[in-house]
Amino acid sequence: GQQVMQIPQYQHVQEGEDFTTYCNSSTTLSNIQWYKQRPGGHPVFLIQLVKSGEVKKQKRLTFQFGEAKKNSSLHITATQTTDVGTYFCAGLPQTGRRALTFGSGTRLQVQP
Amino acid sequence: DAGITQSPRYKITETGRQVTLMCHQTWSHSYMFWYRQDLGHGLRLIYYSAAADITDKGEVPDGYVVSRSKTENFPLTLESATRSQTSVYFCASSELRQGGSPLHFGNGTRLTVT
Chain A
26 GQQVMQIPQY QHVQEGEDFT TYCNSSTTLS NIQWYKQRPG GHPVFLIQLV
76 KSGEVKKQKR LTFQFGEAKK NSSLHITATQ TTDVGTYFCA GLPQTGRRAL
126 TFGSGTRLQV QP
Chain B
89 DAGITQSPRY KITETGRQVT LMCHQTWSHS YMFWYRQDLG HGLRLIYYSA
139 AADITDKGEV PDGYVVSRSK TENFPLTLES ATRSQTSVYF CASSELRQGG
189 SPLHFGNGTR LTVT
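Going line by line, the protein sequences match chains A and B.
The numbering of the first sequence is this note's numbering, which starts it at 26 and goes up by one.
The numbering of the second sequence is this note's numbering, which starts it at 89 and goes up by one.
What the hints contain is simulated information worked out from the structure, not anything from laboratory work.
There may be inaccurate statements among the hints.
Unchecked claim - Derived DEER-like restraints, expressed as beta-carbon distance ranges:
(1) A:45 <-> B:165: 37 to 43 angstroms
(2) A:41 <-> B:141: 27 to 33 angstroms
(3) A:75 <-> B:144: 47 to 53 angstroms
(4) A:42 <-> B:114: 37 to 43 angstroms
(5) B:144 <-> A:51: 21 to 27 angstroms
(6) B:105 <-> A:35: 46 to 52 angstroms
(7) B:189 <-> A:82: 16 to 22 angstroms
(8) B:105 <-> A:76: 46 to 52 angstroms
(9) A:28 <-> B:160: 30 to 36 angstroms
(10) B:202 <-> A:75: 31 to 37 angstroms
(11) B:195 <-> A:28: 24 to 30 angstroms
(12) B:132 <-> A:107: 24 to 30 angstroms
Computed from a predicted model, the values in this text were never measured in an experiment.
Cβ atoms here follow ideal geometry from the backbone N, Cα and C, with glycine treated the same way.
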């Protein structure tokens, strides 16, 4: 079945440093979504990418969808303590069982 | 999100007992989902529903039962709880089918099976 791998599992940064998490799918995706989960909270939708090579920005967050639609990344510029949480990608395969598959997440810790 | 509520927030039960987790949404979304979250596994889909009286299995359905008699409610029942079902359970809803629109999650139910 489809697998979505996310790296790193965990990252600890100093406030002000940049952060990137990567998502890789074993199959070509129709689209990919990103979610953020604060400690003790629930996942909250951030964005959806659909087009090959798409880049979207939300303030300090930059999301990319790979040309082959098999990978994606989330980059945070100049992290703040409010960025703390776990970031999940979720991919929808183009073919086969059309079920959203979540990556295992990247937990971000930001040291003030 | 205020539009989707789960109850209870915390539940401790014993092995072999039946337990039902409740989920209610006020958006009139067609699709509803149950996920479990375990360390190292992200979110795994248990069951989903496309509309009232239409349900389908997800990735990890064994040991769980769902029903959807009304659009707004989607309860999840563990017929005979096992320790491996200790987890955080999230209910979610969406306007469109999986991946077609954002998932809106409830606050979760932390279930411990002793």
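Exercise. Take the C-beta atom of residue 105 (chain B) and the C-beta atom of residue 35 (chain A), compute their distance, and say whether it sits inside 46 to 52 angstroms.
Key: Given about 35 angstroms between the Cβ atoms, the range is violated.
Practice problem: Given the hint of 31 to 37 angstroms, check if residue 202 (chain B) and residue 75 (chain A) actually sit that far apart at their C-beta atoms. | Solution: Since the Cβ atoms of residue 202 (chain B) and residue 75 (chain A) sit about 45 angstroms apart, the hinted range of 31 to 37 angstroms is violated.
Quiz item: Is 21 to 27 angstroms a correct range for the gap between the Cβ atoms of residue 144 (chain B) and residue 51 (chain A)?
Solution: Between residue 144 (chain B) and residue 51 (chain A), where Cβ atoms are some 23 angstroms apart, the hint holds.
Quiz item: That 46 to 52 angstroms hint for residue 105 (chain B) and residue 76 (chain A) (C-beta), does it hold up?
Solution: Since the Cβ atoms of residue 105 (chain B) and residue 76 (chain A) sit about 49 angstroms apart, the hinted range of 46 to 52 angstroms holds.
Quiz item: Between residue 75 (chain A) and residue 144 (chain B), does the C-beta distance stay in 47 to 53 angstroms?
Solution: violated, 24 angstroms
Quiz item: If you check the beta carbons of residue 45 (chain A) and residue 165 (chain B), does the distance land in 37 to 43 angstroms?
Solution: Taking Cβ atoms as reference, residue 45 (chain A) and residue 165 (chain B) lie about 41 angstroms apart, which means the hint holds.
Quiz item: Is 16 to 22 angstroms a correct range for the gap between the Cβ atoms of residue 189 (chain B) and residue 82 (chain A)?
Solution: Roughly 21 angstroms apart at Cβ, these two residues keep to the hinted range, so it holds.
Quiz item: How does the Cβ-Cβ distance of residue 42 (chain A) and residue 114 (chain B) compare with 37 to 43 angstroms: does it lie in that range?
Solution: Once the Cβ atoms are compared, 41 angstroms apart, the range 37 to 43 angstroms for residue 114 (chain B) and residue 42 (chain A) holds.
Quiz prompt | CB-CB spacing for residue 141 (chain B) and residue 41 (chain A) relative to the 27 to 33 angstroms hint | solution = violated, 53 angstroms
Exercise. Look at the Cβ atoms of residue 132 (chain B) and residue 107 (chain A) and judge whether their distance stays inside 24 to 30 angstroms.
Key: holds, 28 angstroms
Quiz prompt | residue 28 (chain A) versus residue 160 (chain B) beta-carbon gap, inside 30 to 36 angstroms or not | solution = Distance hint for residue 28 (chain A), residue 160 (chain B) holds at roughly 34 angstroms.
Practice problem: For the range 24 to 30 angstroms, tell me whether the beta carbons of residue 195 (chain B) and residue 28 (chain A) fit it or not. | Solution: holds, 28 angstroms
In terms of the numbered hints stated before, the structure departs from hints 2, 3, 6 and 10, listed from lowest to highest.
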